[in-house]
Amino acid sequence: MKKWYYLFLFLIPVVVLLFVFLSNISGISGGHIEAFFTIDGSLVDEVTQFIDSSQHFLYISALDVSHPVILEALSNALDRGVDVRVLTENAVVEIPSKMDISKGLHHVKFMVNESGVVFGSANFSESGLETGLNDIVFLPITYSERFKDFFLSAWDYGKITPVDGFLVSPIDNVEESVVKLILKADKRIYVCIYALTDANLVAALKFKESKGTDVRILTDKWFKSSPLYKISTRNIRVVESRMLHHKFILVDNTLITGSTNYTESGFHKNVEMIYITKDKGIVREYERVFSEIESSIF
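The working numbering applies: residue 59 is where the sequence shown begins, and numbers increase by one.
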């Protein structure tokens, strides 16, 4: 009896340590997908925790990496011996970085390490993580390898490659895929987007509205300068006092989100990425954010 008792005492700490280890390697997402929004507060802590969890590598893709707290966390990661690299439009001082020299903007926004991926509309800047309206999605460890491969292909060879489960501009037929999904809508199309100037997409939205689909658009004040502003759908709201930088659409129970503005450049020139999911929990979170922006005065 004592033998089994001592074995049990020995196994308890072993099981606890194994649980802690598995929790750590599953990343901040805990093995599932989570979304965070600046409408709920700053995203700096979440992103910093992800950076701090990096043990071997941390690869970053973004238009802008300039938040002082993020830069300090990246510097600390370098000091720990982490392989930190940044692909961007503007070189990052004292951080190994490369500027994208392709014709379009390097606009896709993510961080990847061995425990998962941070992905979304937010640049790693004050506007991206605090003052603007943005979202980030934490993807678990199962997504790490495909984002790592995408990054290294762009870093080493300047080549944009497909990412399994995502639509990548300019190599995939992103515009066609989004328009097809819009045209299949049954009950609703809720658009929350910084820039909406793609004529084919606007035409699809107007067509679905004419057929009785509930079409609503939330957009940034930037859109007022677009010639499409005057001919867009009726249910449009322009956010005035805070930059609306989201890039998501809810089509019935499907979410489209990512870095892509719905423009000619966003679909066909820039380096971008879109994620499409029917995950009920994630869809509900984006529904909540859409409703809060729609009902609030900014």
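No lab work stands behind these hints: they were computed from the structure.
In this text, all values refer to a predicted model and were calculated from it rather than measured experimentally.
Take these hints with a grain of salt, some might be off.
[To be verified] Derived pair list, reagent style DSSO-like, types lysine-lysine, alpha-carbon separation capped at 30 Å:
1) 206 to 242
2) 264 to 156
3) 264 to 282
4) 245 to 264
(request) Could you check the structure against the hints above and give me the numbers of any it violates, in ascending order? (result) Hints 1 and 2 contradicted; others consistent.
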